[in-house]
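Peer 1: These protein sequence lines map, in sequence, to chains A and B. Quick note: the first sequence, position 259, residue 259 per my numbering, numbers continuous. If you want my numbering, it's the 1-based position in the second sequence plus 262.
Keep in mind the hints are simulated off the structure, nothing from the lab. It cannot be assumed that every hint is accurate.
As a list, the in silico DSSO-like pairs of lysine-lysine whose alpha-carbon atoms are at most 27 Å apart [what the hints assert, rightly or not]:
#1 B:LYS543 to A:LYS234
#2 B:LYS444 to A:LYS70
#3 A:LYS236 to B:LYS368
#4 A:LYS234 to B:LYS471
#5 A:LYS156 to A:LYS179
#6 B:LYS471 to B:LYS277
#7 B:LYS343 to A:LYS236
#8 B:LYS277 to A:LYS234
#9 B:LYS543 to A:LYS3
#10 B:LYS473 to A:LYS236
#11 B:LYS543 to B:LYS264
Ranges of calculated distance between the beta carbons of each label pair, as one might list FRET restraints [unchecked claim]:
#12 A:THR195 to B:ASN316: 13 to 21 Å
#13 B:GLU385 to A:ARG137: 51 to 59 Å
#14 B:ASP546 to A:THR166: 55 to 63 Å
#15 A:ARG242 to B:PRO488: 32 to 40 Å
#16 B:ARG301 to A:ASP104: 28 to 36 Å
#17 A:LYS99 to B:GLU385: 19 to 27 Å
#18 B:LEU477 to A:ARG242: 17 to 25 Å
#19 A:ASP237 to B:THR425: 35 to 43 Å
If you want a taste of the chain A side facing chain B, the calculated C-beta under 10 Å gives, among others [unchecked claim]:
#20 GLN43
#21 ALA46
#22 LEU49
#23 VAL220
#24 GLY224
#25 GLY226
#26 CYS231
#27 LYS236
#28 PHE241
#29 SER248
For glycine and all other residues, C-beta sits at the position ideal for the given N, C-alpha and C.
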Amino acid sequence: MYKIGEIVSNRCLKGDYFQAVFYHPEIAVKAIAGQFVHVQITQMSANILRRPFSINNTDPEAGTVQITYKVVGSGTEVLSKLAPGAVCDLLGPLGNGYKMPADDEIPVMIAGGYGTAAMFMISKLAKNKGMLLVGARGDADLILLEDYQAQGTEVKVATNDGSVGTQGFVTVLLEDLLKNPEPGKKYRFYACGPTPMLMAAGKMLCAAGRADGELSLDHVMCCGVGACFACVVKVKDGDTFRYARSCSEGPVFTAGEVYYEN
Amino acid sequence: MKIDMSVDLGKFKLKNPVMTASGTFGYGYEYNQLYDISRLGAVVVKGIAPFVSNGNPTPRVAETASGMLNAIGLQGPGVDKFLHGDHYMPFLRTTGATVIVNIWGKSIADYCEVARRMDEEPEGITALEVNISCPNVKAGGVAFGTDTKLLNEVISAVRKSTTLPLIVKLSPNVTKIGDFAKAAEDAGADAVYLINTLTGMAINAETRKPKIANLTGGLSGPAVKPVALRMVYEASKAVTIPVIGMGGICNGIDAVEFMLAGAKAVAVGTATFADPYAPLKVIDGIEDYLKRHNFKSVSEIVGALEI
Ligand SMILES: Cc1cc2nc3c(=O)[nH]c(=O)nc-3n(C[C@H](O)[C@H](O)[C@H](O)COP(=O)(O)OP(=O)(O)OC[C@H]3O[C@@H](n4cnc5c(N)ncnc54)[C@H](O)[C@@H]3O)c2cc1C
Ligand SMILES: Cc1cc2nc3c(=O)[nH]c(=O)nc-3n(C[C@H](O)[C@H](O)[C@H](O)COP(=O)(O)O)c2cc1C
Ligand code: FES
Numbered sequence: 001m002y003k004i005g006e007i008v009s010n011r012c013l014k015g016d017y018f019q020a021v022f023y024h025p026e027i028a029v030k031a032i033a034g035q036f037v038h039v040q041i042t043q044m045s046a047n048i049l050r051r052p053f054s055i056n057n058t059d060p061e062a063g064t065v066q067i068t069y070k071v072v073g074s075g076t077e078v079l080s081k082l083a084p085g086a087v088c089d090l091l092g093p094l095g096n097g098y099k100m101p102a103d104d105e106i107p108v109m110i111a112g113g114y115g116t117a118a119m120f121m122i123s124k125l126a127k128n129k130g131m132l133l134v135g136a137r138g139d140a141d142l143i144l145l146e147d148y149q150a151q152g153t154e155v156k157v158a159t160n161d162g163s164v165g166t167q168g169f170v171t172v173l174l175e176d177l178l179k180n181p182e183p184g185k186k187y188r189f190y191a192c193g194p195t196p197m198l199m200a201a202g203k204m205l206c207a208a209g210r211a212d213g214e215l216s217l218d219h220v221m222c223c224g225v226g227a228c229f230a231c232v233v234k235v236k237d238g239d240t241f242r243y244a245r246s247c248s249e250g251p252v253f254t255a256g257e258v259y260y261e262n
Numbered sequence: 263m264k265i266d267m268s269v270d271l272g273k274f275k276l277k278n279p280v281m282t283a284s285g286t287f288g289y290g291y292e293y294n295q296l297y298d299i300s301r302l303g304a305v306v307v308k309g310i311a312p313f314v315s316n317g318n319p320t321p322r323v324a325e326t327a328s329g330m331l332n333a334i335g336l337q338g339p340g341v342d343k344f345l346h347g348d349h350y351m352p353f354l355r356t357t358g359a360t361v362i363v364n365i366w367g368k369s370i371a372d373y374c375e376v377a378r379r380m381d382e383e384p385e386g387i388t389a390l391e392v393n394i395s396c397p398n399v400k401a402g403g404v405a406f407g408t409d410t411k412l413l414n415e416v417i418s419a420v421r422k423s424t425t426l427p428l429i430v431k432l433s434p435n436v437t438k439i440g441d442f443a444k445a446a447e448d449a450g451a452d453a454v455y456l457i458n459t460l461t462g463m464a465i466n467a468e469t470r471k472p473k474i475a476n477l478t479g480g481l482s483g484p485a486v487k488p489v490a491l492r493m494v495y496e497a498s499k500a501v502t503i504p505v506i507g508m509g510g511i512c513n514g515i516d517a518v519e520f521m522l523a524g525a526k527a528v529a530v531g532t533a534t535f536a537d538p539y540a541p542l543k544v545i546d547g548i549e550d551y552l553k554r555h556n557f558k559s560v561s562e563i564v565g566a567l568e569i
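So here's chain A without its partners, still in its complex pose (with noise of 0.2 Å):
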C-alpha cells in the first residue's frame, strides 16, 4: 500500500523532460483538463514555496496522478532525483479547468512547452480525440506526442528550425485551420504554452471569432489557491485591465477575457 504523495514512478521521457507518478486517490477521482496540483519537495529544506504542474493524467483506479516536467531549476532537479518510495506533499486539484467540448465538437489543442502535458485529458475524456496543433523550437522538445496519437488524436507539429514539421510557430498551423476549416465540422480550441505563443494564438483566436477559445495563463504561484496575489495575470476590465488570480480565477481563461498588451 502506498502513502498519500508517495512516488510510484519517476522516470526521464527524454533530455531534461521526465514524468512522474504519485499516489493520490482523492486528487485522481476530483481532478478535470487543465487543473494543477501544487507540489511541496519536502526534500529541499531551504526551498519554502511549492512547485506547481499541471496534471497530465490520472488514473482514478489506482489512486495515481501523473505530472510530466521540465528541469529548469533547483525544484524540479531535486523533484527529477527523487526515486519511488520517495514522499512528496500534494496540494489540488487547484485551479478551474478546461470545459470539456461537446460530442460533436472537434477540440483543437494548440501547445508549446509543457501545454502538451496541460491538454492531454482533454482528448482522453473528450468523444472526439480532435488535433493537437504543437510548436516546439526543436525535435528536443517535442514531449507526449505518441501518447496522444495511440488515442487517435491527429498530431500536427511546427518547429523553429524545421527539423520536424513545418517550419515557424504553432501559430502558423493555427492561421492554417482558422482559414481552411473542413466543411461541417465544429471545432473547440484550446491553448497552453509560453505566453508570447498564447497571446499570439488568442489574438487570432478573437479576430477569427472565436473568443471563447481557452487558454491556460499561468505565472509564477505561491499560495496556489487564491490568496496572496502573487500569480495574477491581465484580464479586460472595460478598456483597461484588471489582475486576475490565475492559480483560483484561471488558470484557463478565454481568448475574449484576456488583456492584450497590444
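Following the hints, complete the assembly by docking chain B with the ligands onto the known chain A.
Peer 2: Same frame as chain A, now just chain B with the ligands:
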C-alpha cells in the same frame, strides 16, 4: 488537564494566540475551503483601502534562501466590496471566525475613511490592524512607518475615527524599533504588531534583471526570524500595550520563542504557503510545548525569557 490557550489583548480576547498574517491568508474564504478557519485565534485579512487597488506589475514574488521576496503592492477590492461582496465580510460573518481587518491608505484621510467605514458596520470585526509599513507601495505606506512624527499623526487621526480596537503594524525597516512601538502606544494604539517584511532585492545574474518587477520587495519566511525575535523583544520592553509577534514562524516552537521574547500573540504568514495547515499545526505545537513543560495557561510563557 486542559490547558488555557486563550489570550487577553486588553481591549479584546482571542481563543488561542495564533493569528494569520495579513496578505498571506486572503480574506479567509480561500483557506476555509480547506478547514474551519474559526479554529484560529484570529483571521487577519489582506489590506483594505478606501479605493480599489490594482497592485504591482509581475513578477511579484521570488523565492530566496529560506524565505521569499514579495511586492504584491496591496492589490485589493476596496472597502465597499469588502464590506458587502460575496467572498468577503458577509462570508466571514457566517464562519464565526475572529476577524481583524488590516487597513491602509495613501494619505491620513484615506486611513481615517476606511476606519470610519468599518466603525459604521462593525459586526463581526474584532479589531483593526493599521498597516503603516508596507514596503511595496510608493505613496504613503512605509513613509508613515519610518517617521515617528508621521506615525503619531496617522494613528492619532485613525484613533478619532473609530472605537474599534487598534493594532499598529510596525515596519522593521527602522533603526530603533522601540521608539516606533512607543510612538504607536502614545498615539492611542491598543497593541503593536511586528514585523512586517524587510526590504530586500533579488537579481537574476543570467539575465541581469531584477527577479521582481518592483525591483525591491519585502523579505519574509524563516530567514527573517532572528531579526523579528530581536525586534519583538525590544518592542515589548518599550511599551505596556500587548505586542503581537511574527516573522518566519513555521511551527509551535518558533511561536513559543516569540512569546518568550514578549509577544502575547503570534501570527503565521509565509509558512502557510508551504503548508496551508501551518497555522493549525502551530496551535497544536504550542499546546504540546506547554504540556511538556507543565504550564497551565499559554499566558504564563509571555516574556518568560530567562537571561
Ligand atoms: C499552473 C502551472 C502549471 C504548470 N505545469 C507545468 C508542467 O506541467 N510541467 C512543467 O514542466 N512545468 C510546469 N509549470 C512550471 C513549473 O511550475 C516551473 O517550471 C517550476 O516551478 C520551476 O521550479 P524550479 O525550482 O525547478 O525552478 P526555479 O529555480 O524556481 O526557477 C527556474 C526557472 O523557472 C521559472 N519558473 C519558476 N516558477 C515558474 C512557474 N510557476 N511558471 C513558469 N516558470 C516558472 C523561473 O522564472 C526560472 O526561470 C507550471 C506552472 C504553473 C503556474
Ligand atoms: C505575499 C505576501 C503578502 C503580504 N501582504 C501584506 C499586506 O497586504 N499587508 C500587511 O500588513 N502585510 C503583508 N505581508 C507581511 C506579512 O503579513 C508578515 O508581516 C510578514 O510576511 C512576516 O511574517 P512571515 O515571515 O511569517 O511571513 C505580506 C507578506 C507576504 C509574504
Ligand atoms: S498563487 Fe497565491 S493567489 Fe495565486
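Peer 1: Go through the numbered hints given earlier and state which of them the structure violates, listing their numbers in rising order.
Peer 2: 1, 2, 6, 8, 16, 17, 20 and 27
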